[in-house]
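A.B. asks: Residue numbers (the working numbering), protein chains in the order written: chain W, 455 to 933; chain B, 18 to 88; chain A, 18 to 88; chain S, 18 to 88; chain X, 18 to 88; chain D, 18 to 88; chain E, 18 to 88.
Bear in mind the hints are in silico, worked out from the structure with no lab data behind them.
Keep in mind that this is a model prediction, so the values were computed, not measured.
Cβ coordinates follow ideal geometry from the N, Cα and C atoms, glycine included.
Some clues are possibly wrong.
Said to hold, decoys possible - Here are some chain A residues the structure puts well away from chain B; computed CB gaps all over 12 Å:
{"no.": "1", "residue": "Ala35"}
{"no.": "2", "residue": "Pro44"}
{"no.": "3", "residue": "Glu50"}
{"no.": "4", "residue": "Val57"}
Unchecked claim - No more than 25 Å apart at the CA atoms, straight line, and that leaves these computed lysine to any residue pairs for SDA-like:
{"no.": "5", "chain 1": "A", "residue 1": "Lys78", "chain 2": "B", "residue 2": "Ser68"}
{"no.": "6", "chain 1": "B", "residue 1": "Lys53", "chain 2": "A", "residue 2": "Glu72"}
{"no.": "7", "chain 1": "D", "residue 1": "Lys51", "chain 2": "E", "residue 2": "Leu22"}
{"no.": "8", "chain 1": "B", "residue 1": "Lys51", "chain 2": "W", "residue 2": "Gln775"}
{"no.": "9", "chain 1": "X", "residue 1": "Lys51", "chain 2": "W", "residue 2": "Ile834"}
{"no.": "10", "chain 1": "S", "residue 1": "Lys78", "chain 2": "A", "residue 2": "Arg67"}
{"no.": "11", "chain 1": "W", "residue 1": "Lys893", "chain 2": "E", "residue 2": "Leu48"}
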Amino acid sequence: MSNTPPIRLSDLTNRIQQAINNVFAGQTYWIIADITNYSYYQQKGYHYFDLVEKQEGTAGIIAKVAAVAWGAGADKIKDFERITGQVFQNGINVLVKVSVNYHNQYGLQITVLDIDANFTIGLLEQQKQAVLARLLTENPEFIQKAGDQYLTRNNRLVLNRVIQQLAVVSSGNSAGYQDFKHTLDNNRFGYRFIIHPYFTAVQGEEKAELLQQRLIDIFNTGTPYDAVVIIRGGGAQTDFLIFDTYRLGKTVARFPIPIITGIGHQKNETVVDLMAHSPTKTPTKAAEFIIAHNKAFEDEVINLQKTILIKSQQLFSARSQSLSALNSMIVNQARTMLSRHKDQLQGYNQTVINTTQSILLSKHRELLAVSGQVLSKPTILVAHKRNELENITANITSFNRMYFQNKHSELEHHKTVFRLMSPASILKRGFALVYQDGKVTANPDTIKPGSNIQVVLNSATLNATVTAKNETNGTAFDI
Amino acid sequence: MEQHLTYEAAYNELRAIAADIETGSVPVDILAEKVKRAAVLIEFCQQKLRSTEAEVTNIIKQMEQHNAGGK
Amino acid sequence: MEQHLTYEAAYNELRAIAADIETGSVPVDILAEKVKRAAVLIEFCQQKLRSTEAEVTNIIKQMEQHNAGGK
Amino acid sequence: MEQHLTYEAAYNELRAIAADIETGSVPVDILAEKVKRAAVLIEFCQQKLRSTEAEVTNIIKQMEQHNAGGK
Amino acid sequence: MEQHLTYEAAYNELRAIAADIETGSVPVDILAEKVKRAAVLIEFCQQKLRSTEAEVTNIIKQMEQHNAGGK
Amino acid sequence: MEQHLTYEAAYNELRAIAADIETGSVPVDILAEKVKRAAVLIEFCQQKLRSTEAEVTNIIKQMEQHNAGGK
Amino acid sequence: MEQHLTYEAAYNELRAIAADIETGSVPVDILAEKVKRAAVLIEFCQQKLRSTEAEVTNIIKQMEQHNAGGK
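Only chain W is shown next, with the shape it has when bound in the complex (with noise of 0.2 Å):
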């Protein structure tokens, strides 16, 4: 027994309630733990759980306390549940504001004021990366990575240019189901579709080998389906961990039929999403994803329609054009060529007639040139002709008269020497003959004294008888 009185219980709890109330009031804390006995109540919207703390790599509880959620942080929870697509729930880890609290009633008591939804989206992108990696490591013959996108099996098969055979996996005949066939059925283009329903459940990752078991229905069909599409049809916007599993991710990769995918992901793609052909958002997108892929290749065919249409009368006016063109190229051609030849032929004309007419004028020249020089030469020739006959006639009377004067005086010698000779001149200067019987003589040795002699001189003739005789030597007249 206690020395001490006993106290109220009232007045302990409050005494407790006063100590933690001194340490906590006022006083919040972010803290990281794991969610287990979790419980809803719907009619007071209190969520009701344990806050544990796990040993690292075992299942052995180091701290653990009680929490509730209400009020504000019960709307922190739903957007936290909408904005990662996280259900709260058993085994999350997740960090929580909280402030603590005495009641007397229910004791101590962690409130969950917020909830970080960034912290868990990390935490399943985390989970998301893994498995990701895991399938790039493990199935490196359908999966591979470039840059951001994931080539798969799946998203390399080629689209049939029309897509109108498809098998469907939703979740019963839900409104997802129903919102994609609506606006496949009711396509504003009249296309039609043949749709094949295999209904399975799509939530809550333990059904991920349900669906993978309808993906193998599918194939096993051997339907040629174009498509398959895998909606998630309506009900919360929650728990899309499912198509982030390793089982699924690696069986929609490898699938050897196109895969379009309506998840309903508001966030970032799942792995489905990302190991699918083509990921759409919404269970309506993939139908208009199939109505604009079918539209696109009706477009296709209109424009070839509009091409051939375009292109057929682009040759007509091309051809037509090119006919044209030869037309009036023959007919300009055809008129060169005939006024060619008419300008050729007027120039042979002007030829023919120009030099015709100067052959003629030079035919002209020449014979006048030719004829003026035989008619001018012939006087020329007479004229020197009788020139030459002055001449010659001229120089017979000179020489004539040169003629007669050497005669003359030629004869005028003479007679001077014959007057010089003659004795008549030679008796006048002196000279005398002497005769001797009756003859001359120039011997003087007949003559002797006392012979007669004449002497006849120039103008008397003497008788003499010689007297005497000298002999004289003759030689005082040599010369």
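Following the hints, put chains B, A, S, X, D and E in place on chain W, whose structure we already have.
C.D. replies: What follows is chains B, A, S, X, D and E alone, placed relative to chain W:
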């Protein structure tokens, strides 16, 4: 219409015709023929898009029953 | 006009005539004959073009009516 | 005028005569004869050209009427 | 005048006479005779030239009338 | 006067006589005869020249009349 | 005077006499005779010369008159 014509085959033939016409390599003499063929192919694609094979199959089946019954 | 003349054959002959006339290698003696032949060929080609165009236009018109009606 | 004279033959003979006359190699004795022959050839060629031109013009006129009428 | 004298022959003889006379190698005794011959040849050549000219002029006149008439 | 004396022969004889007289080799006894002969030859040559000149002049006159008349 | 004495013969005799006298071989008794003979010969020659000259002058005068008259 050919029994086993597919979209792919029709589309490819259509493209070939368009290319021929575009390059101007189609003689005028057979151009109308080519365009007629293109029209048939376009018609085929469009009808096929709007009907389903199941429907067609069904019609054929009924026709066959009819024929069988009428004999 | 020849029975089996095609547009291509006619057009080629026309071009040959045009080339001959252009190079001046056509003797004057047969020029008129060549031009006459060219006229015949041009007439033929134009008729062929017109008829083909009409046919093509017709086919396309039918197709468009089909499209309009089928929607 | 010769029966079977062609434009080409006439034209070539004309050119030869023109060349002979131009080089002055034609004796005066046969010059008049050559010129007479040239005159005959020119006349022949001109008539041939005129008739060809008329024929070509006629063909072209017919073609144009055809085109106008056919449009 | 000689019957078969051509312009060419006449002209050549004339030139020979002219050359003889120019070199003065023609004896006075036959000078007149040569000149007489030259006169004959000149006369012949001139007549030949005149007649050729007249003929050519005539041909050309006819051609021009033809051309004028044919245009 | 000799019948067949030519101008050339006459002229040559004349030149011989002149040379003879110049050299004085002509005996006085026949000088007068020689001179007489020269006179005769000169006379002959002059007449020959005159007649040739007259003849040539005549021919030229005739030709000129011809040319003037023929033009 | 001798009838047939020519100027040449006379002149030659004259020259012989001159030569004889010059050599002094003529005796005085015949010298006078020789000189007389020479005188006769000189006289003859002079007369002959004069007559010939007169004749020649006459001929020349006639020629000149002829020339003057004929011109």
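A.B. asks: The structure should be examined with respect to each hint, and the outcome stated for every one.
C.D. replies: How the hints compare with the structure:
1. Ala35: Given a closest Cβ separation of 18 Å, the condition holds.
2. Pro44: The claim stands: proline 44 of chain A keeps its Cβ more than 12 Å from every Cβ of chain B (closest is about 32 Å).
3. Glu50: Nearest chain B Cβ is 26 Å from glutamate 50 of chain A, so the label holds.
4. Val57: holds (17 Å)
5. A:Lys78 - B:Ser68: holds (23 Å)
6. B:Lys53 - A:Glu72: holds (9 Å)
7. D:Lys51 - E:Leu22: Satisfied, since the Cα-Cα distance of roughly 20 Å is no more than 25 Å.
8. B:Lys51 - W:Gln775: holds (22 Å)
9. X:Lys51 - W:Ile834: With a Cα-Cα distance of about 15 Å, the restraint between lysine 51 of chain X and isoleucine 834 of chain W holds, given a limit of 25 Å.
10. S:Lys78 - A:Arg67: At roughly 21 Å apart (the allowed maximum being 25 Å), arginine 67 of chain A and lysine 78 of chain S satisfy the hint.
11. W:Lys893 - E:Leu48: Roughly 14 Å separates the two Cα atoms, so the pair holds.
In summary, the structure agrees with every hint in the numbered list given earlier.
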